[in-house]
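Construct the complete structure from the given sequences, taking the supplied hints into account.
Those sequence lines, one after another, are chains A and B.
Per our numbering, the very first residue in the first sequence carries number 1; after that it's consecutive.
Per our numbering, the very first residue in the second sequence carries number 294; after that it's consecutive.
One or more hints might be untrue.
Where chain A lies over chain B, by a calculated footprint (3+ residues, C-beta under 8 Å) [claimed, not checked]:
(1) 347-356
(2) 402-414
(3) 473-484
(4) 492-506
(5) 520-526
(6) 530-538
With a straight-line cut-off of 16 Å between C-alpha atoms, the simulated EDC-like cross-links for lysine to aspartate or glutamate are [unchecked claim]:
(7) B:Lys-505 - A:Glu-260
(8) B:Lys-505 - A:Glu-217
(9) A:Lys-212 - B:Asp-570
(10) A:Lys-88 - A:Asp-115
(11) B:Lys-564 - A:Glu-250
(12) A:Lys-212 - B:Glu-573
(13) A:Lys-271 - B:Glu-543
For the record, the hints were derived by calculation from the structure and aren't laboratory data.
Just so you know, even glycine gets a beta-carbon here, dropped at the ideal spot from N, CA and C.
Protein chains: 2
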Amino acid sequence: MPIERIAILGTGLIGSSVGMALRQQGFTGTIVGWDRDPAQAATALRLEAITVIAEDPHTAAAQSDLILLGGPVFSILEWLEQLAPLLKANQLVTDVGSVKNALCSQANRLYNHPDKPGFLPGHPMAGKEVGGASNADGDLFQGAVWLFTECPNSNGMSAEARTKADEWRTWVQKIGCRILDLDPERHDVLCAWVSHLPQFVSTALSALLEDKFPDDEALRSIGGRALREMTRLGASPYSMWRDIAHTNTEAVSASLFALEQRLAHLRENLKTPELRDEFELANRFRLGNPHKP
Amino acid sequence: MPIERIAILGTGLIGSSVGMALRQQGFTGTIVGWDRDPAQAATALRLEAITVIAEDPHTAAAQSDLILLGGPVFSILEWLEQLAPLLKANQLVTDVGSVKNALCSQANRLYNHPDKPGFLPGHPMAGKEVGGASNADGDLFQGAVWLFTECPNSNGMSAEARTKADEWRTWVQKIGCRILDLDPERHDVLCAWVSHLPQFVSTALSALLEDKFPDDEALRSIGGRALREMTRLGASPYSMWRDIAHTNTEAVSASLFALEQRLAHLRENLKTPELRDEFELANRFRLGNPHKP
Numbered sequence: 001m002p003i004e005r006i007a008i009l010g011t012g013l014i015g016s017s018v019g020m021a022l023r024q025q026g027f028t029g030t031i032v033g034w035d036r037d038p039a040q041a042a043t044a045l046r047l048e049a050i051t052v053i054a055e056d057p058h059t060a061a062a063q064s065d066l067i068l069l070g071g072p073v074f075s076i077l078e079w080l081e082q083l084a085p086l087l088k089a090n091q092l093v094t095d096v097g098s099v100k101n102a103l104c105s106q107a108n109r110l111y112n113h114p115d116k117p118g119f120l121p122g123h124p125m126a127g128k129e130v131g132g133a134s135n136a137d138g139d140l141f142q143g144a145v146w147l148f149t150e151c152p153n154s155n156g157m158s159a160e161a162r163t164k165a166d167e168w169r170t171w172v173q174k175i176g177c178r179i180l181d182l183d184p185e186r187h188d189v190l191c192a193w194v195s196h197l198p199q200f201v202s203t204a205l206s207a208l209l210e211d212k213f214p215d216d217e218a219l220r221s222i223g224g225r226a227l228r229e230m231t232r233l234g235a236s237p238y239s240m241w242r243d244i245a246h247t248n249t250e251a252v253s254a255s256l257f258a259l260e261q262r263l264a265h266l267r268e269n270l271k272t273p274e275l276r277d278e279f280e281l282a283n284r285f286r287l288g289n290p291h292k293p
Numbered sequence: 294m295p296i297e298r299i300a301i302l303g304t305g306l307i308g309s310s311v312g313m314a315l316r317q318q319g320f321t322g323t324i325v326g327w328d329r330d331p332a333q334a335a336t337a338l339r340l341e342a343i344t345v346i347a348e349d350p351h352t353a354a355a356q357s358d359l360i361l362l363g364g365p366v367f368s369i370l371e372w373l374e375q376l377a378p379l380l381k382a383n384q385l386v387t388d389v390g391s392v393k394n395a396l397c398s399q400a401n402r403l404y405n406h407p408d409k410p411g412f413l414p415g416h417p418m419a420g421k422e423v424g425g426a427s428n429a430d431g432d433l434f435q436g437a438v439w440l441f442t443e444c445p446n447s448n449g450m451s452a453e454a455r456t457k458a459d460e461w462r463t464w465v466q467k468i469g470c471r472i473l474d475l476d477p478e479r480h481d482v483l484c485a486w487v488s489h490l491p492q493f494v495s496t497a498l499s500a501l502l503e504d505k506f507p508d509d510e511a512l513r514s515i516g517g518r519a520l521r522e523m524t525r526l527g528a529s530p531y532s533m534w535r536d537i538a539h540t541n542t543e544a545v546s547a548s549l550f551a552l553e554q555r556l557a558h559l560r561e562n563l564k565t566p567e568l569r570d571e572f573e574l575a576n577r578f579r580l581g582n583p584h585k586p
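Below, the structure written as structure tokens:
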């Protein structure tokens, strides 16, 4: 009972890129797509990321073997709630959201019971600072890590849903990803540090520069690669990050606070030997580990 | 009286890259090089960034039309002091240091008087997170901005030194740079924001992650482009940045403090509409200006 029909709800950057990647790697079934913004779905269809646009997303989900939820975290939470009563125990829901704990809480009653659909939370560590189907790329996941965070209740998943979960893991590898399994809480903490903190630092730095030097041409011309990289994520859309800020608040807040403290420490030690220790630790993070990011 | 003989004191990444770039653009005179570390000078010679290694840097400087000072800021300050009594009024000293106010203070009595050599402070906005002649690149300056910050006393420069300064500006353009003139104080403030602040933020973030997750393989594997970019400068050498921290302390400190405040503001507003304002300002910095960095 292989996956022959996939519904992608949310055909933005990630949803559409998954569709394109699946096609490139030989998925020959149907991919039905839907997006709150009809233009996104139309672009996804034009790019052949989906084979057909769903007239009604609920019907499309009910008729699919696997339902992939894209879009911001709040929209994933909403779909989990809406779809549960419409799906059967042999169907699998998965997602590409950046926060996982909140999703497992939502799924706890509604999924992964013998008579309920399965839910396998997933999170590809790939993206761009610009969203939308028009930026989709079938090679986006080549070499990336795709995290899976089985929910605490995932043992209750039906055998048919489990088979689909295993097959979905195979597809994720086929589109170029290395799979890493984490528990949802550890996922949210690690992602706060390696993904959410960099985003909010880049946003704060970009906002600060815009505030302080709104029309300074010199500042803009002399900024080199360092500034470009440190502010690239300043272009990221609020709509996506609001949901992450709301659903991973504690971990994000802790990482921001730690960085504030660290910057203050560095500032107070610009002229002391402590500065050397900071550079040595930083050098070790970048150079001292064979798995350096 | 064109520039026929150039001395490069400090043949690391930037010094050697300048030598290679000059050659590529048709400079046919002699480039004599010297470095505190003989291996750097040997590499520069092998790369043909210099034509000959100086036996004695003071003699080499005394015999050159133009002396380019590379290396960390403190070493430039020291050369300015040591060379002044050895040079004639028709000779020009220039540099590639990242801080300018301290250099002009040092040069005030010693340069730019009718009987003293000329000094034109310069700063190419190009570099890498790894130093050394072995990383030199004759194309490093293509498309970069080269800042010049004439000292307050530069009107006192001899006519011959001024001619060399004009010729040096032409060479800087030939190797691919757009020239921007700033006064030294404004230079140090702008560079604190667009170059020094990004460096210290990247160092602090890298050091914090190394401290908190010293052997966490998962953290290292899931970090994607965002983490890679935000911590790239964590690899930068302390030796270079110590001098910048010491000579641009006030501006760097002010920019760090402002960012700490901004991060705290963002942290306190993860769940309020203020977060939208931060993203909108950040978006404007990255997307709203045709000269976006």
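Hinted pair B:Lys-564 and A:Glu-250, Cα distance within 16 Å: holds (11 Å)
For a C-alpha distance cap of 16 Å, please report whether A:Lys-212 and B:Asp-570 respect it. Since the Cα atoms of A:Lys-212 and B:Asp-570 sit roughly 15 Å apart, the hinted pair holds (cutoff 16 Å).
Verify this for me: three or more residues of the region 492-506 of chain B with a beta carbon less than 8 Å from a beta carbon of chain A. holds (count 15)
Hinted pair, alpha-carbon criterion (16 Å max): A:Lys-271, B:Glu-543. Please report holds or violated. holds (11 Å)
Verify the coverage statement for the region 473-484 of chain B against chain A, using a C-beta to C-beta distance below 8 Å and requiring 3 or more qualifying residues. holds (count 5)
Hint check: A:Lys-212 vs B:Glu-573, CA-CA at most 16 Å. Holds or violated? Holds: A:Lys-212 and B:Glu-573 sit about 15 Å apart, inside 16 Å.
For the region 520-526 of chain B, do three or more residues have a beta carbon lying closer than 8 Å to a beta carbon of chain A? holds (count 7)
Quick check: do three or more residues in the region 402-414 of chain B have a beta carbon closer than 8 Å to a beta carbon of chain A? violated (count 0)
Tell me if the straight-line CA distance from B:Lys-505 to A:Glu-217 falls inside 16 Å. violated (39 Å)
With a cut-off of 8 Å between beta carbons, are at least three residues of the region 347-356 of chain B near chain A? violated (count 0)
How does the region 530-538 of chain B fare against chain A when you require at least three residues with a CB closer than 8 Å, holds or violated? Since three or more residues must qualify, the claim that chain A covers the region 530-538 of chain B holds, with 5 doing so at under 8 Å.
Given the hinted pair A:Lys-88 and A:Asp-115, is their Cα-Cα distance within 16 Å? holds (7 Å)
Of the numbered hints given earlier, the model fails hints 1, 2, 8; all others are met.
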